[in-house]
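Given these sequences and hints, build the entire structure.
Chains A and B are the protein sequences, given in the same order.
Mapped onto the numbering used here, the consecutive letters of the first sequence carry residue numbers 1 to 684.
Mapped onto the numbering used here, the consecutive letters of the second sequence carry residue numbers 1 to 247.
Not one of these hints is a red herring.
Computed footprint of chain B on chain A; a stretch qualifies when at least three of its residues, placed anywhere within it, have a C-beta under 8 angstroms from a C-beta of chain B:
hint, region
1, 167-180
2, 275-286
Below, a list of computed lysine-lysine pairs in the DSSO-like style, where the Cα atoms sit at most 27 angstroms apart:
hint, chain 1, residue 1, chain 2, residue 2
3, A, Lys-67, A, Lys-510
4, A, Lys-40, A, Lys-54
5, B, Lys-47, A, Lys-584
6, B, Lys-6, A, Lys-584
Note that these hints are calculated values from the structure, not bench results.
Quick reminder that beta carbons are idealized off the backbone N, C-alpha and C, glycines included.
Given next are the chains, with one letter for each unit.
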Amino acid sequence: MTDMPDTTLTSHPSHDSPLEVDTDDAVDYYTPGAPIGDTKAPDGPINERWQTRKFEARLVNPANRRKLSVIIVGTGLAGASAAATLGEAGYVVKSFCYQDSPRRAHSIAAQGGINAAKNYKEDGDSVHRLFYDTVKGGDYRSRESNVYRLAEVSTSIIDQCVAQGVPFAREYGGLLDNRSFGGVQVSRTFYARGQTGQQLLIGAYQALERQVAAGTVETFTRHEMLEVIVVDDGDTSRARGIIARDMVTGEIETHLADVVVLASGGYGNVFYLSTNAMGCNVTAAWRAHRKGAYMANPCYTQIHPTCIPVSGAHQSKLTLMSESLRNDGRMWVPRTKADCEKDPRSIAEEDRDYFLERIYPSFGNLVPRDIASRAAKNMCDEGRGVGPEVDGVRRGVYLDFADAIARLGKDGVEEKYDNLLDMYERITGENPYEVPMRIYPAVHYVMGGLWVDYDLQSSIPGLFVTGEANFSDHGANRLGASALMQGLADGYFVLPHTIRDYLADGPFEKVDEDHPAVLEARSAVEKRIEHFLTVNGTRSVDSYHRELGHIMWEYCGMERTEDGLKKAIDLIRTLRDDFNRNLKVLGTADSLNQSLEKAGRVADFIELGELMCIDALNRRESCGGHFRAESQTEDGEALRHDDQYAYVAAWEFAGGEAGTMGKPVLHKEHLVYTAIEMKQRSYK
Amino acid sequence: MNLTLKIWRQPDAATTGSMHTYEVDDVSEDMSFLEMLDVLNEQLNAKGEEPIAFDSDCREGICGMCGLMINGEAHGPVTTTTCQLHMRSFTDGETITIEPWRSDAFPVVKDLVVDRGAFDRIIQQGGFISVNTGSAPEAHAVPVPRDDAMRAFNVATCIGCGACVAACPNGSASLFIGAKITHLGELPQGQPERDSRVVNMVAQHDHEGFGGCTNIGECAAACPKEIPLDVISQLNKDLRTAIRHGH
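This is the structure:
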């Protein structure tokens, strides 16, 4: 029952040996490119790299900071924390969000908690163990230097948030409480009931608004970034600003700066139904991708095991039930199909299959998300799912609190999970204190994102990417309570150090609003908007989005196959052609127009969907959230192939203007581990 | 079920709005209220009529973006957000009126969308603890009594939706401010700025055109997060204390 029982060692690729792929299913869909690598992480022992980098990063003196401007897109944990911190440092910051207030960004919906290697429980935690758990949880597909740094700064995040007044849960002595989370065997998760994301975001939001009052940050709410401005200043092409649309007046605005930061979140809504907010989108990242920023590992999607099942065709989003519920709730299905229609309370204990406890006795209900999700899917595929039939299959399993209520009392459960259980009852009309909850996996998070180096800089100089929008820390699967950690690590403690090294070369040559690069970006935005409004077809944006989501979930969801992915690519291309010819968007460009906003986002999702399928097709191995049916062990567990696929797939856009993707160029970053040994994961 | 909807439509802030009547059929009781409006919008789009603009984002009751007056009640008949209100709370054949938040301090942007920027500007005037990144002491340096932390948390759950203002006959945002004052005032970290915080936030509140509190209590009744009315007592107490301290 230790955390180190892994026995199946796979070959450990050395620095020099190139990764040779046996079978490349995607060979007809892409162009091979030159290898890529991070050049910013210093050499040397892993625990000294961040200190070294911080020391070597050049300084900008306070008087010069006032002459340097930063654009930050997105006000979630990664964006708001960066805007506040850079404002405090004295830079001139412009902060953009599509919502009506920075406080609404979707980090607010994170429930369970935030990890930090404080070891307050004295249960064997340490920076190295958090690092180890995160790399292992990510199935050895993350960059070790970045992950180590994440673990290292995690403790400072808790200090900072407590000082801001974040009301974390406390014990009777007044000290902070912790709980455990999936994929680990220590208690390192700090929480504020089931609303940790809300409390952390309010902390960052308040720090941001404090800087607005101080005059260092200017906020642009109800603004959507639609293009990045890349200017060639003679020797380097640099990101120098954005084109944004004021969503109320429709005005197309040019905003110029010395550096641009994308903290625009993840693209889970490519699946239409996900736990993301309605407005979450890939547009900022995708527009940057089209301008030269590489998109890394786009197929790595996290399907969260504990969400409320789909109830009908009208469904607009799915609701997560925090993973923390798996601390006390037990997942089960009936042993026999015959019991699946029965009232669960009438099913005897011996007729229940607590499948996670049975298959994974060491971790039980606390296995990582990808494993729990696939197990739940397998139970339903076997015909042992519960709840209403959708297309002939019952897509649900029970998450039962009866034991916890017996152990802790109803009050005890209420205190820990009250708002979650209430929410469940409100949505389903069933009382989870009396009837076991029904849950099913749903798209929740994407590990893929724009490629960044150790400094969080993308392949476009001057374009930095933080939080879920980048690919860097979670490999092929993210552990619970690590997204909040990464967002705040990037924004409070990483980016402010690395960006100053870049800004030390600034201020860069002034760019005028009539610079050809600016005019080109503006004109592209205006043409696109005009196109959406003049197609005058018959189908609504939502109908396309729903169809795309269906294709992605069916063929690029929890299980992927060569045939399915190729079929998906054909379907997506057909969908794109129809979208270009038959879309119907009413209203005008010069007012609030929610259909128009959605049209731009769905157009970008369609292109992204194709790239995700190509990426999934190329990776003929199973790792973390990416499960290729062709690559599994005899008992159906994911099987990695480190000798062939220990790389980050960084894709360069190669498409034409007409909305075609062309053949994207694949740049491989070879993953080399010096501080940890690559093993096949085992949670048994 | 089949429903008749009377909905406020207003092209922009400068144009006068009016109520319009729509029929929507085949509504399932498992739909959320906003999903019902999605269905209506799809129908309007198909007919060539511009869809109704309304705000929503997370649709799980936490971002605070959604908010409608439904049959005259902020967020409708159940104590929750509009996005978490489900159609099982209504009956077949019912007529439902849907309006934007009612408050001068929240001007209408379009249809059911309002501008709540005033809330951000109130927070800018002191709704924070001044601590720059990196300057925080070790988290366990200052223990916080568990009950204080719990009370701080309970009122920190405010989502800034504005239902309290919309429900108040005076259009007061006292519950919103009271929640923030109480959240930060319960914690040791919030003490140094306690006096200036309340004075400045209340001044901004009045400047934005929100009304005064006359202890009606509609705000707490409408609050989807059940922020208790006693935060307004706390607000008044803190304000008196600050004035006594010479602010």
